[in-house]
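Let chain R serve as the given structure and place chain G on it in line with the hints.
Number of protein chains: 2
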Amino acid sequence: MLTEIGEKARAAARILSLKSTEEKNRALSAAASALEENKDFIKTQNAIDLDAGKKSGLSEALLDRLSLTDERIAGMASGIRAVAELDDPVGRVLSEKVINGMRLVKTSVPIGVIAVIYESRPNVTADSAALCLKSGNTVILRGGKEAINSNLAVANVMRAAIEKTGLPADCIMLVPFTGREGAEALMKLNGYVDVLIPRGGRELISTVVKNSTVPVIETGAGVCHVYVDKAADVKMAADIVYNAKTSRPSVCNACECVLVHRDIAKEALLSIAAELRKKNVEIRGDAETLKILPDAVSADESDWGAEYNDFIIAVKIVGGISEAVEHIFRYGTAHSDCIVTEDAETAERFLNEVDSAAVYHNASTRFTDGGEFGLGAEIGISTQKLHARGPLGLNELTSVKYKAYGNGHIRATT
Amino acid sequence: MLTEIGEKARAAARILSLKSTEEKNRALSAAASALEENKDFIKTQNAIDLDAGKKSGLSEALLDRLSLTDERIAGMASGIRAVAELDDPVGRVLSEKVINGMRLVKTSVPIGVIAVIYESRPNVTADSAALCLKSGNTVILRGGKEAINSNLAVANVMRAAIEKTGLPADCIMLVPFTGREGAEALMKLNGYVDVLIPRGGRELISTVVKNSTVPVIETGAGVCHVYVDKAADVKMAADIVYNAKTSRPSVCNACECVLVHRDIAKEALLSIAAELRKKNVEIRGDAETLKILPDAVSADESDWGAEYNDFIIAVKIVGGISEAVEHIFRYGTAHSDCIVTEDAETAERFLNEVDSAAVYHNASTRFTDGGEFGLGAEIGISTQKLHARGPLGLNELTSVKYKAYGNGHIRATT
Chain R
1 MLTEIGEKAR
11 AAARILSLKS
21 TEEKNRALSA
31 AASALEENKD
41 FIKTQNAIDL
51 DAGKKSGLSE
61 ALLDRLSLTD
71 ERIAGMASGI
81 RAVAELDDPV
91 GRVLSEKVIN
101 GMRLVKTSVP
111 IGVIAVIYES
121 RPNVTADSAA
131 LCLKSGNTVI
141 LRGGKEAINS
151 NLAVANVMRA
161 AIEKTGLPAD
171 CIMLVPFTGR
181 EGAEALMKLN
191 GYVDVLIPRG
201 GRELISTVVK
211 NSTVPVIETG
221 AGVCHVYVDK
231 AADVKMAADI
241 VYNAKTSRPS
251 VCNACECVLV
261 HRDIAKEALL
271 SIAAELRKKN
281 VEIRGDAETL
291 KILPDAVSAD
301 ESDWGAEYND
311 FIIAVKIVGG
321 ISEAVEHIFR
331 YGTAHSDCIV
341 TEDAETAERF
351 LNEVDSAAVY
361 HNASTRFTDG
371 GEFGLGAEIG
381 ISTQKLHARG
391 PLGLNELTSV
401 KYKAYGNGHI
411 RATT
Chain G
1 MLTEIGEKAR
11 AAARILSLKS
21 TEEKNRALSA
31 AASALEENKD
41 FIKTQNAIDL
51 DAGKKSGLSE
61 ALLDRLSLTD
71 ERIAGMASGI
81 RAVAELDDPV
91 GRVLSEKVIN
101 GMRLVKTSVP
111 IGVIAVIYES
121 RPNVTADSAA
131 LCLKSGNTVI
141 LRGGKEAINS
151 NLAVANVMRA
161 AIEKTGLPAD
171 CIMLVPFTGR
181 EGAEALMKLN
191 GYVDVLIPRG
201 GRELISTVVK
211 NSTVPVIETG
221 AGVCHVYVDK
231 AADVKMAADI
241 VYNAKTSRPS
251 VCNACECVLV
261 HRDIAKEALL
271 SIAAELRKKN
281 VEIRGDAETL
291 KILPDAVSAD
301 ESDWGAEYND
311 FIIAVKIVGG
321 ISEAVEHIFR
331 YGTAHSDCIV
341 TEDAETAERF
351 LNEVDSAAVY
361 HNASTRFTDG
371 GEFGLGAEIG
381 ISTQKLHARG
391 PLGLNELTSV
401 KYKAYGNGHI
411 RATT
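Heads up: the protein sequence lines correspond to chains R and G, in order.
Under this note's numbering, think of the first position of the first sequence as 1, with each following residue one higher.
Under this note's numbering, think of the first position of the second sequence as 1, with each following residue one higher.
Just chain R, same shape as in the assembly (with noise of 0.2 Å):
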């Protein structure tokens, strides 16, 4: 069943990667539109999902990321048509070279197939859909089962309404079974799916590393540090710390380890604790910090690397950058990491020496993200090397195609 959605979306694949930039707008922009136009069938599929969630006993939280409202739809809508304003990633030319005569080209092309394991939020789907389609790229969704009635229904109005512009409609696929199967089989569909993306929280990211033969770009767990230098600024150290916790401390580019320079640390802390407390944050401090904050929760070893997504953060005093840098190479995720400090040399020997994808000299680690980074979207953040590493835009949803121009060239023998 699966091997067959895999046929479906190769071979839609094809059709799509050929599609020039305004046929793949018009597509998108039409699905924007019936996302608005069918709003009361999709919210009358989501109040079957909001139904069973409430009997199987699902959390108020999760209940609210399930739901969707007329301004949710909308929502989903303007992502998708800022989606389409987007430069098409496909058919740049990223080098050109003439060798023997023969032009070289290298040239950005689709990467084929991409698969999507995701949990609870509905509007995923339409967002994933966009930049999978805009890209070029066929897309096989996998949502979470308290979702299917919802993400079916945002998916096949998307499906019908960019076939009536002339695209198969299997460039946007969704698993309609939601069984742990079905997830495992997505996992190991060598051969149809060229890379599989999960969007979510940690354990599901660790099920598909573990599980997945296919090629997999892992996004997401941030445990991000701010380190406080001897020569900081308290005050800016005080409103990045700030930021970086509270502006939303649920995702990955939250703060949730501070460490801070034992020459500055009482000034530091108690600048910094005082911002904290404007939004009754926990401070989970080793024995010194406690010492300065005696209102201060006693860290242990497990607060060290901790992903809290929540408004608790770990503070450790330190006896400079290499201590620093070290406790962030022992515990960190090498997502976002930040140095607070007057001194240029010192900024560039920790951006130089910790090794995350986004390295910070006084500014919050909030800004890992593909629209502050001005990439327009983003599909997740990586966290490996390979392939791609930060926010993931539309330009790392392609892989690249040499085309060569000969005149009968033949290569030497040796």
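By construction, these hints were calculated from the structure, which means they are not laboratory data.
Heads up, a few of these hints could be off.
As the list makes no split between identical chains, a pair holds if one copy fits it or if it spans any two.
Here are the simulated DSS-like pairs of lysine-lysine, each with C-alpha atoms no more than 30 Å apart in a straight line [what the hints assert, rightly or not]:
#1 K235 x K97
#2 K106 x K230
#3 K266 x K235
#4 K210 x K8
#5 K145 x K210
#6 K164 x K8
Just chain G now, kept in the frame of chain R:
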């Protein structure tokens, strides 16, 4: 035990990633000289492998691949020196922009730890180690058991040499045991290995793809086609097929199948067959081909998509470009495919519709090679879409890092 190797490799990678181009080149130069100076030791160790190989009945061809002579050791040394002369792929500025006053620089960084699993040729040890070192990556090598003493000798000589120049010896690690368990453990060394590159035959690659949980760059298998269009220059077609098939039949960019347009079949096939006869190439043709070439062997279904790696070629007559593209889609490996035609429009259609790493107009598929493409060297040819496609040069052995320079920048709350 492998975890220990992984830990050492990861620790060395941190140090190596910060070394300058000069330091890396000095180490490479020392390693090259050390191989030449220690050639007697290396040959003694190689003799142990050769003896064991003879006793266990290795074929003459395999014994030849395994054997290290003065000339081959000099070849390894000059290969290392050539890598030293290539541009350093680390530290390139890939893009730079200023976003609300925050400067964002995307730079190239080493991947980290690269594992290479390969078969019998000991020169792959030196070659892989040099390419990884130049690109700032530590390497974990796992060669075939029949070459273990030769590989250990080469690796240990290089390790000692680079250590003398100030680099950690552990930049080059060789798995000293050759059981299947070693290879399998390496494939699952997540957290230590950033990418695994198999170098060898189809079976090795397929085992690696099936069993690895670390990211893999799939290399190698090449079922390359030459399509001779009705508008082809027949002599050019014969020259290209002859070169693509016979200049080195054992490699992945050699041609395995010729597709010929029906309208030109008789003239083209007689001309192609006359060339191929010079090297006694066995032609396996479909029924129509046999009518034109009665001496040809009758092809069966298993000939389409076969990678002969030998002086054998499959031939099929097709109705036109659509059938040719369809055949390549169905039986090809998306490695290298060629069209011979004087019609530029048909050529462009072929180059767009055939989704292979390299597509050729009027040129031999044998050009798909890091050296020929001007990359200087290659560690393999990727046949996957992710990370890199086509020849893997030094640039393809790097990842990226975003460095952001702010001045107290915090992200607006949305």
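Right, here's what the structure says about each hint:
Taking identical chains as interchangeable, the C-alpha atoms of K235 and K97 lie at most 30 Å apart only when they sit on different chains, with a minimum of 27 Å there against 52 Å within one chain. For the identical chains of this complex, K106 and K230 are inter-copy neighbours only, at 27 Å across copies versus 48 Å inside a copy, given an alpha-carbon limit of 30 Å. Taking CA atoms no more than 30 Å apart as the test, K266 paired with K235 passes inside one copy only; the shortest distance there is 13 Å, against 83 Å between copies. In the homo-oligomer, the alpha carbons of K210 and K8 lie at most 30 Å apart both inside one protomer (26 Å) and across protomers (23 Å), since each shortest distance falls under that limit.
Taking identical chains as interchangeable, the C-alpha atoms of K145 and K210 lie at most 30 Å apart whether they share a chain (21 Å) or sit on different chains (28 Å). In this assembly of identical chains, the alpha carbons of K164 and K8 lie at most 30 Å apart only when taken from the same copy (18 Å versus 58 Å across copies).
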